[in-house]
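From first to last, the protein sequence lines stand for chains A and B.
Here my numbering is used: position 44 in the first sequence is 44, and no number is missing along the way.
Here my numbering is used: position 33 in the second sequence is 33, and no number is missing along the way.
Calculated from the structure, these hints are not laboratory results.
Backbone N, C-alpha and C fix where the C-beta goes; we use that ideal spot for every residue, glycine too.
Here are the simulated BS3-like cross-link-like pairs (lysine-lysine), alpha carbons at most 25 Å apart as the crow flies:
hint, chain 1, residue 1, chain 2, residue 2
1, B, Lys26, B, Lys56
2, A, Lys57, B, Lys26
3, A, Lys57, A, Lys15
4, A, Lys57, A, Lys17
5, B, Lys56, A, Lys97
6, B, Lys70, B, Lys56
7, A, Lys97, B, Lys26
8, B, Lys70, B, Lys26
Examples of chain A residues toward chain B, derived with CB under 7 Å:
hint, residue
9, Phe45
10, Tyr48
11, Phe104
12, Gly105
13, Gln106
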Amino acid sequence: GAGVSQSPSNKVTEKGKDVELRCDPISGHTALYWYRQSLGQGLEFLIYFQGNSAPDKSGLPSDRFSAERTGGSVSTLTIQRTQQEDSAVYLCASSIKGATEAFFGQGTRLTVV
Amino acid sequence: SQQGEEDPQALSIQEGENATMNCSYKTSINNLQWYRQNSGRGLVHLILIRSNEREKHSGRLRVTLDTSKKSSSLLITASRAADTASYFCATALQGSARQLTFGSGTQLTVLP
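Just need the whole structure built from these sequences, with the hints factored in.
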């Protein structure tokens, strides 16, 4: 596709359930970022993938959070045993390489009830 | 704490006026970028300024960078109601090919 695609757009889940959020980056972009944004707040860095290098996972808030990027393209962010404080918009972005202009998806709004 | 901090947190102006937003950061950077966000969804890249540049223009946008003060400003001239959005600065750290670090943003409201 022409832009970064995220699915689902919205997700409501019960506390304690696992969720998977998907990101399809722009073809050819080697860098992929995941951010989390709570209502009215800034972007909180979660994880960064760059080519075949080991991902930078320093922003993941707990071991309930994990992410994969298969074949250097699609990425999945998994949150296990969701908690109410996980409710936020999860934003994915990709760029040609790190630290250049990033293109964002429309995000997944996660609500944990 | 955040690498980039925008100020003010909120700004309300009349259509036609200029809007100035500031960003301060803590460590040496490779570049600094400004993004815009409407309605809490995806961000749109506005402009990138490299650490060896002092000023850059794009349409009604003017960005300055002062690396000695570790600060940047975004000026929107002749604002329009459609400029109402949140504006974020993002820094790419020097010596790192990694992630962009975002500030907490400035909410700009342009009144018609």
